[in-house]
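A.B. asks: Spelled out from the first residue to the last, the chains are:
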Amino acid sequence: GNSVTQMEGPVTLSEEAFLTINCTYTATGYPSLFWYVQYPGEGLQLLLKATKADDKGSNKGFEATYRKETTSFHLEKGSVQVSDSAVYFCALNMYSGGGADGLTFGKGTHLIIQP
Amino acid sequence: KAGVTQTPRYLIKTRGQQVTLSCSPISGHRSVSWYQQTPGQGLQFLFEYFSETQRNKGNFPGRFSGRQFSNSRSEMNVSTLELGDSALYLCASSLESTFYNEQFFGPGTRLTVL
Chain A
2 GNSVTQMEGP VTLSEEAFLT INCTYTATGY PSLFWYVQYP GEGLQLLLKA
52 TKADDKGSNK GFEATYRKET TSFHLEKGSV QVSDSAVYFC ALNMYSGGGA
102 DGLTFGKGTH LIIQP
Chain B
2 KAGVTQTPRY LIKTRGQQVT LSCSPISGHR SVSWYQQTPG QGLQFLFEYF
52 SETQRNKGNF PGRFSGRQFS NSRSEMNVST LELGDSALYL CASSLESTFY
102 NEQFFGPGTR LTVL
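Here the protein sequences line up with chains A and B, keeping their order.
According to my numbering, the first sequence is numbered sequentially starting from 2.
According to my numbering, the second sequence is numbered sequentially starting from 2.
Some hints could be false.
Unchecked claim - When the alpha-carbon atoms are kept at most 30 Å apart in a straight line, the in silico DSSO-like pairs for lysine-lysine are as follows: (1) A:Lys69 with A:Lys50; (2) B:Lys58 with A:Lys50; (3) A:Lys108 with B:Lys14.
Bear in mind the hints are in silico, worked out from the structure with no lab data behind them.
Sequences and hints are given; from them, build the entire structure.
C.D. replies: Structure (structure tokens):
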């Protein structure tokens, strides 16, 4: 079946540091890839997505590139802020009969940014 | 535009009981998906409904069921509750296709089984 693997953390960084959260996937076929973020006390929000190989998703200074050759979708940000502290989830889905077979999530990475 | 709403937000039940959770999607959205979030298993897909029909299903026992009404509102039901069913249950809605359209998540219903 499909699966997503990501570092679980917690990952602790200082403000303005460079961020990388690794994500690799296993899928039969060509999935769409996503990063979701869950801020404390809030629901899941889509951060960015990529639907085909070599696509780059970007939002709020975060970027991730769909790498089919390495089955990866690593999340990066050049300079993190305290407000980026949250749990980040990598996810994928596959096309299935008009919809998709449901998002497959990684375990989530808890990111803590210290001032 | 109002977001996805879920009721109730918190629920406490005992083993063997059944429970019904409700989800109201964003206006105009026809697809509703349900997910279970636990510390051990993480986020897992339960099922998706589109136009009152279950379109996709995850790997959960038959005790977990759902339905969707003509106004796209959805309910999920868990019968014969077990301790392991304690979780945050998230509902997500999207316009048409969960593959091509973004899924918007609600705040979740926290279910505790004693």
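A.B. asks: If a hint holds in the structure, say so; if it does not, say that too.
C.D. replies: Taking the hints in turn, this is what the structure says about them:
Proposed proximity of A:Lys69 and A:Lys50 is supported: the alpha carbons are some 14 Å apart, at most 30 Å. Proposed proximity of B:Lys58 and A:Lys50 is supported: the alpha carbons are some 23 Å apart, at most 30 Å. For the given pair, A:Lys108 sits about 27 Å from B:Lys14 by alpha-carbon distance, which is consistent with the 30 Å threshold.
The structure fails none of the hints (numbered hints given earlier).
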